[in-house]
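Residue-level listing of the chains:
Protein chains: 2
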Amino acid sequence: MKLLVLGTVAYDAIETPFGKTDKILGGAGTYIALSASYLDESVGIISIVGNDFEDECLDLLKDHNIDISGIEIKKDDKTFFWSGRYSQDMNVRDTINTELNVLSNFSPVLSDKDKEVDFLMLGNLHPSTQLSVLKQLNKRPKIVALDTMNFWMDSALDELLNVLKEVDVLTINDQEARQLSGEYSLKLASRKILEMGPKVLIIKKGEHGAIMFGEDKMFYGPAIPLDIVNDPTGAGDSFAGGFMGYLAKTGDCSFENMKRALIYGSVMASFCIEEMGTKRLEYLSKKDISDRLQDFINLSKVDIN
Amino acid sequence: MKLLVLGTVAYDAIETPFGKTDKILGGAGTYIALSASYLDESVGIISIVGNDFEDECLDLLKDHNIDISGIEIKKDDKTFFWSGRYSQDMNVRDTINTELNVLSNFSPVLSDKDKEVDFLMLGNLHPSTQLSVLKQLNKRPKIVALDTMNFWMDSALDELLNVLKEVDVLTINDQEARQLSGEYSLKLASRKILEMGPKVLIIKKGEHGAIMFGEDKMFYGPAIPLDIVNDPTGAGDSFAGGFMGYLAKTGDCSFENMKRALIYGSVMASFCIEEMGTKRLEYLSKKDISDRLQDFINLSKVDIN
Numbered sequence: 001m002k003l004l005v006l007g008t009v010a011y012d013a014i015e016t017p018f019g020k021t022d023k024i025l026g027g028a029g030t031y032i033a034l035s036a037s038y039l040d041e042s043v044g045i046i047s048i049v050g051n052d053f054e055d056e057c058l059d060l061l062k063d064h065n066i067d068i069s070g071i072e073i074k075k076d077d078k079t080f081f082w083s084g085r086y087s088q089d090m091n092v093r094d095t096i097n098t099e100l101n102v103l104s105n106f107s108p109v110l111s112d113k114d115k116e117v118d119f120l121m122l123g124n125l126h127p128s129t130q131l132s133v134l135k136q137l138n139k140r141p142k143i144v145a146l147d148t149m150n151f152w153m154d155s156a157l158d159e160l161l162n163v164l165k166e167v168d169v170l171t172i173n174d175q176e177a178r179q180l181s182g183e184y185s186l187k188l189a190s191r192k193i194l195e196m197g198p199k200v201l202i203i204k205k206g207e208h209g210a211i212m213f214g215e216d217k218m219f220y221g222p223a224i225p226l227d228i229v230n231d232p233t234g235a236g237d238s239f240a241g242g243f244m245g246y247l248a249k250t251g252d253c254s255f256e257n258m259k260r261a262l263i264y265g266s267v268m269a270s271f272c273i274e275e276m277g278t279k280r281l282e283y284l285s286k287k288d289i290s291d292r293l294q295d296f297i298n299l300s301k302v303d304i305n
Numbered sequence: 001m002k003l004l005v006l007g008t009v010a011y012d013a014i015e016t017p018f019g020k021t022d023k024i025l026g027g028a029g030t031y032i033a034l035s036a037s038y039l040d041e042s043v044g045i046i047s048i049v050g051n052d053f054e055d056e057c058l059d060l061l062k063d064h065n066i067d068i069s070g071i072e073i074k075k076d077d078k079t080f081f082w083s084g085r086y087s088q089d090m091n092v093r094d095t096i097n098t099e100l101n102v103l104s105n106f107s108p109v110l111s112d113k114d115k116e117v118d119f120l121m122l123g124n125l126h127p128s129t130q131l132s133v134l135k136q137l138n139k140r141p142k143i144v145a146l147d148t149m150n151f152w153m154d155s156a157l158d159e160l161l162n163v164l165k166e167v168d169v170l171t172i173n174d175q176e177a178r179q180l181s182g183e184y185s186l187k188l189a190s191r192k193i194l195e196m197g198p199k200v201l202i203i204k205k206g207e208h209g210a211i212m213f214g215e216d217k218m219f220y221g222p223a224i225p226l227d228i229v230n231d232p233t234g235a236g237d238s239f240a241g242g243f244m245g246y247l248a249k250t251g252d253c254s255f256e257n258m259k260r261a262l263i264y265g266s267v268m269a270s271f272c273i274e275e276m277g278t279k280r281l282e283y284l285s286k287k288d289i290s291d292r293l294q295d296f297i298n299l300s301k302v303d304i305n
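Here the protein sequences come in this chain order: A and B.
Residue numbering for the first sequence follows UniProt numbering, starting at 1 and increasing by one per position.
Residue numbering for the second sequence follows UniProt numbering, starting at 1 and increasing by one per position.
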């Protein structure tokens, strides 16, 4: 089924202990859509870029079967740009530069066909922008998922709480879950957050995996230890893309199927971090994905009772 | 089968955000043996206490069927004492006071029957003390496991590397694995550490679970999110006790059975942190343990292929 992704399509410049890039393709929408494209054949992006955005980046998305008709190209402005540097342990990153450019006045407008979408992923953006997309829909999608970050909890909490009332799945990291709920225990945090609107909460814990709460159940999906982690940029978005891509492909929105979706999300995130930027997500094979999936299954498989 | 535990039997005074104790029963040997006693019926401790050690603490161990004949009571000295305080997030603890007392001159002496033991757990102590126990054995146990910490990596690395050559299973936390190997990636770290002697490495990650490496395989056991974490003291030791207790009970030392043992270790650690000190480990029922085991199984169970 159709998965619509709202999110930035941008340029990044990244420095990690293992590599450094010039301006390269980035943005939450890019990572989410690329990742989802390996699972679902009908992925579209709603986004905005500037006059400096290169055709080859758009071609890359098109080559992955992604519908880019929802990407507005603004002729008199430049593409959103972010640059950052990761610390030695990769768990801390400093923003060096953020140029909002086209994002300053981004008002997404949905096509008639996108207003009928079944699966909607609201990538990390101002909560009001996320809400404005929801308000344009002609019918309630089967699943609306939302990703956000501490920045909006600090600067636009009321708007965030507003949009949270309308979503099914929220993906945030552990620090953000603690900030949003005011609870240190993730279990207590999940209870408070699930009262804010979402039916399902996924807490992303990076190298420690992800944990999902909903329907009075919990599910823990581990992250797989890798030899090499080159660049964590986009890992959370790749996770969300894998998760929503799998749900859209299967059309099954039960908690049981969300467990499978979470494992697929973890698989896609594990690829993302292997190379700088989107590189590794550009050339995955079906076998790469099924092999990695098997690694994940084996990782926590135990015959016990 | 008989499980022999080398480790401190001590007094602790603990302060966490959720509670504060006077001098209470503590020590690695205590936590390991108490935890193991719920799985294996033949657990013994090798340790030392002073003239201030109360009979009721010894009785508590005896009531759990633990052989305390290997606990030396030194009449002219006092019991090892440690006091510490945990930070708000419980991941950092500051030592307020350490009084070595009887530990200053601890030279464990094994009885003839203990020299024939099948399962040996060397709790966190000076590596030379750990090695001295190994040297007294009449035959090689089926499994020797060792727990240690960064303190010995800083102060007695050569001795630690010596004893590591002789053990089957090493349990340390993620920071310690990185320090010991000089590798940030836990996968690369595990490869280097397995070259130092152990056949199996278990990296304890606290609230993030535990990961086991060996025989070119990996196994990840999650930690269960709990409503309340009152006191992390002894969690790692309770984990080791559950792990070794299960191996001793089953007598099966395959990697496959070690996976089950790791889950039992996680179960016991999850109880330990629910109350201050050893409290929760003092009154567990079989049903408590089987219910919690089921929670762990459900936590990461997914039907996927």
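Calculated from the structure, these hints are not laboratory results.
Do not take every clue at face value.
Rough simulated footprint, nothing fancy, chain B against chain A, three-plus residues with beta-carbon under 8 Å [to be verified]:
{"#": "1", "segment": "6 to 14"}
{"#": "2", "segment": "56 to 64"}
{"#": "3", "segment": "149 to 156"}
{"#": "4", "segment": "177 to 190"}
Residues of chain A placed beyond 10 Å of chain B at every Cβ, according to the derived structure [said to hold, decoys possible]:
{"#": "5", "residue": "S42"}
{"#": "6", "residue": "L131"}
{"#": "7", "residue": "K217"}
{"#": "8", "residue": "Y220"}
{"#": "9", "residue": "E275"}
{"#": "10", "residue": "I304"}
Ideal Cβ positions, reconstructed from N, Cα and C, are used throughout, including at glycine.
Against the structure, the hints:
1. For the segment 6 to 14 of chain A, the stated coverage by chain B is not satisfied: 0 residues place a CB nearer than 8 Å to a CB of that chain, which falls below the threshold of 3.
2. Here the segment 56 to 64 of chain A counts 0 residues with a CB under 8 Å from a CB of chain B, which misses the bar of 3, and the coverage is violated.
3. Using a Cβ-Cβ cut-off of 8 Å, 0 residues of the segment 149 to 156 of chain A lie near chain B, which falls short of the minimum of three, so the contact claim is violated.
4. Coverage of a stretch by a chain is defined here by at least three residues with a beta carbon nearer than 8 Å to that chain's beta carbons; for the segment 177 to 190 of chain A and chain B the count is 6, and the condition holds.
5. For S42(A), the requirement that its beta carbon stay farther than 10 Å from each beta carbon of chain B is met, with the minimum near 22 Å.
6. Distance check for L131(A) against chain B: the nearest CB is about 30 Å away, which clears 10 Å, and the non-interface claim stands.
7. Chain B draws K217(A) into its interface by the beta-carbon criterion, the shortest separation being 8 Å against a cut-off of 10 Å.
8. Its beta-carbon lying about 4 Å from the closest one in chain B, Y220(A) breaks the requirement of being farther than 10 Å from that chain.
9. Every CB of chain B is more than 10 Å from the CB of E275(A) (nearest about 15 Å), matching its label as outside the interface.
10. Some Cβ of chain B comes within 10 Å of the Cβ of I304(A); the nearest lies about 5 Å off, and the non-interface call is violated.
Violated hints, in rising order: 1, 2, 3, 7, 8 and 10; the structure is consistent with all others.
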